[in-house]
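Visitor: The primary structure of each chain is shown beneath.
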Amino acid sequence: MQQQPQAPVRWERLAAKSNQGNAAIVLCAILASTPAPKEEHMLLPCSIARTQHRPAAPRPSFSPGIAMAFGTLLLMAALPDTAWAVSPSCASSAVDVTSSDQQGDYTTSQTFVDIPEGAVRFNQPTTGCIIVKFDGYSYAPGEGEMVAAFLDGTEIWPDDIVLASGDENAANSHAASWFATNVPAGVHTVQMEYRSYDGAYVYMHRHTTAVWHK
Amino acid sequence: MGTKTMPGKLDVTFAVALLLSAATSPIASWAADGGAIKPTPPHATATSASCGSVTANWDTIFETVFLDTESTSWTDIPYGEGVVTFNEKEAGGCILVMLDGDAITTTEYGLMYVQALLDGNVMVPGAVAFAGGLANSNSDGPINARAASWVATGVPSGRHTVQLQWKSYNGEEVDLGYPATVVWHK
Chain X
1 MQQQPQAPVR WERLAAKSNQ GNAAIVLCAI LASTPAPKEE HMLLPCSIAR
51 TQHRPAAPRP SFSPGIAMAF GTLLLMAALP DTAWAVSPSC ASSAVDVTSS
101 DQQGDYTTSQ TFVDIPEGAV RFNQPTTGCI IVKFDGYSYA PGEGEMVAAF
151 LDGTEIWPDD IVLASGDENA ANSHAASWFA TNVPAGVHTV QMEYRSYDGA
201 YVYMHRHTTA VWHK
Chain D
1001 MGTKTMPGKL DVTFAVALLL SAATSPIASW AADGGAIKPT PPHATATSAS
1051 CGSVTANWDT IFETVFLDTE STSWTDIPYG EGVVTFNEKE AGGCILVMLD
1101 GDAITTTEYG LMYVQALLDG NVMVPGAVAF AGGLANSNSD GPINARAASW
1151 VATGVPSGRH TVQLQWKSYN GEEVDLGYPA TVVWHK
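As they're listed, the protein sequences go chains X and D. The first sequence begins at 1 in the numbering used here and counts up by one. The second sequence begins at 1001 in the numbering used here and counts up by one.
Please keep in mind that the hints were generated in silico from the structure rather than gathered at the bench. There could be a bad hint or two in this list.
Derived DMTMM-like pairs: lysine to aspartate or glutamate, alpha-carbon spacing no greater than 25 Å straight-line [to be verified]:
# : chain 1 : residue 1 : chain 2 : residue 2
1 : D       : Lys1089   : D       : Glu1070
2 : X       : Lys214    : D       : Glu1088
3 : X       : Lys214    : X       : Asp152
4 : X       : Lys214    : D       : Glu1090
5 : D       : Lys1167   : D       : Glu1070
6 : X       : Lys214    : D       : Asp1059
7 : D       : Lys1167   : D       : Glu1063
8 : X       : Lys214    : X       : Glu193
9 : D       : Lys1186   : D       : Glu1108
If you want the ones that stay clear, here's a sample from chain D, every Cβ over 10 Å from chain X, calculated [unchecked claim]:
#  : residue
10 : Phe1062
11 : Asp1068
12 : Ser1073
13 : Asp1076
14 : Asn1087
15 : Ala1091
16 : Gly1092
17 : Gly1120
18 : Asn1121
19 : Val1124
20 : Ser1139
21 : Pro1156
22 : Gly1177
Using N, Cα and C, we set each Cβ at its ideal position, and we do this for glycine too.
Kindly generate the complete structure, drawing on both the sequences and the hints.
Guide: Below, the structure is given as structure tokens:
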């Protein structure tokens, strides 16, 4: 049987995002153009989906960015609904890495658990964005091995990724990326976590986590 | 050298591969067991490196070719595709190597391994099962983009060479297309 490229949850999420796409992009533009409250560093613009389910944080009554955002709104209103994407510029000057030669770790948990030796602790000298890249060879015979990056305990954009599914006779190497903006200065930790979409065994072997930051 | 080597760890990789490749019975029967690849991992140690590399310093090679091998022993991915030479400007830094490319294993139980060497030393985390084990595989595919990374710490200043190597676990043809190798360094 051929690999299934995506588990159902992914399609549901994409469908939901598509329906909310333009509104999300506009909201993203507004949020990104206004000063962010300190505690929102991992929400802008990386976690719009979650902000839709949370009480809105207080925003400044006006900022120059608002005018730009309204311009974006007018522009987006003229465009067809599209998939949801954000693409802030993310200049970085350093990369911290954890690479693990551990093999055979597995879980059947349908809630996220830590990937052993999958944490990166880094010092952010100034507020800015980070990019997380994870790769590892894994084995997932079921519907999906979901992987996510957590910054100081909070899941970052684009949330959980179907790293592997439908594997048959061997493990395969996979990779995925995440990012967060407005990460404040200081020491932070990115912890990679994984879970099984359907409760089937999912395995994680040798893996590497890299965080590009300021 | 300051690079990390992994004596004896390749045996573990092949044990995993063997168990996976030998799993000819329905997956559910041994996957449900869970013990198939879990019980014998030796003491595993993470190699954690705080690189602090200036990402402006990177070297790379991209090639629009498809390569193949049937070798069951480690073989250099040919020059031009699998070699990056760079100049480390500061001593004691770490480097990060990323490889990605299109992979084909031409049989159902084909399995491609890759590893990275820094000046001849195996980089952490060692050999990686890059691709394999897909039903209906043949020389035309399926083709999947794959990626893997390696690190080395305490790299002295000066000229260094990263060499990518690959092998076929069971001697069946494995293919690598459009490989891209990037090395981040000081």
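Visitor: For each hint, tell me whether it holds in the structure or not.
Guide: Verification of the hints:
1. D:Lys1089 / D:Glu1070: Given that 25 Å is the threshold and the Cα spacing comes to 38 Å, the pair is violated.
2. X:Lys214 / D:Glu1088: holds, 21 Å
3. X:Lys214 / X:Asp152: holds, 17 Å
4. X:Lys214 / D:Glu1090: Holds: Lys214 of chain X and Glu1090 of chain D sit about 19 Å apart, inside 25 Å.
5. D:Lys1167 / D:Glu1070: holds, 7 Å
6. X:Lys214 / D:Asp1059: holds, 20 Å
7. D:Lys1167 / D:Glu1063: Measuring from Cα to Cα gives roughly 19 Å; hence the hint holds.
8. X:Lys214 / X:Glu193: Roughly 23 Å separates the two Cα atoms, so the pair holds.
9. D:Lys1186 / D:Glu1108: Cα-Cα ~42 Å, so violated.
10. Phe1062: holds, 17 Å
11. Asp1068: holds, 18 Å
12. Ser1073: holds, 19 Å
13. Asp1076: holds, 19 Å
14. Asn1087: holds, 18 Å
15. Ala1091: holds, 17 Å
16. Gly1092: holds, 15 Å
17. Gly1120: Non-interface label stands for Gly1120 of chain D: nearest chain X Cβ at 19 Å, farther than 10 Å.
18. Asn1121: holds, 14 Å
19. Val1124: violated, 5 Å
20. Ser1139: With a cut-off of 10 Å, Ser1139 of chain D remains clear of chain X, as the shortest Cβ separation is near 17 Å.
21. Pro1156: holds, 18 Å
22. Gly1177: Label holds. Min Cβ-Cβ 15 Å, cutoff 10 Å.
Hint compliance for this structure: hints 1, 9, 19 are not met, and every other hint is.
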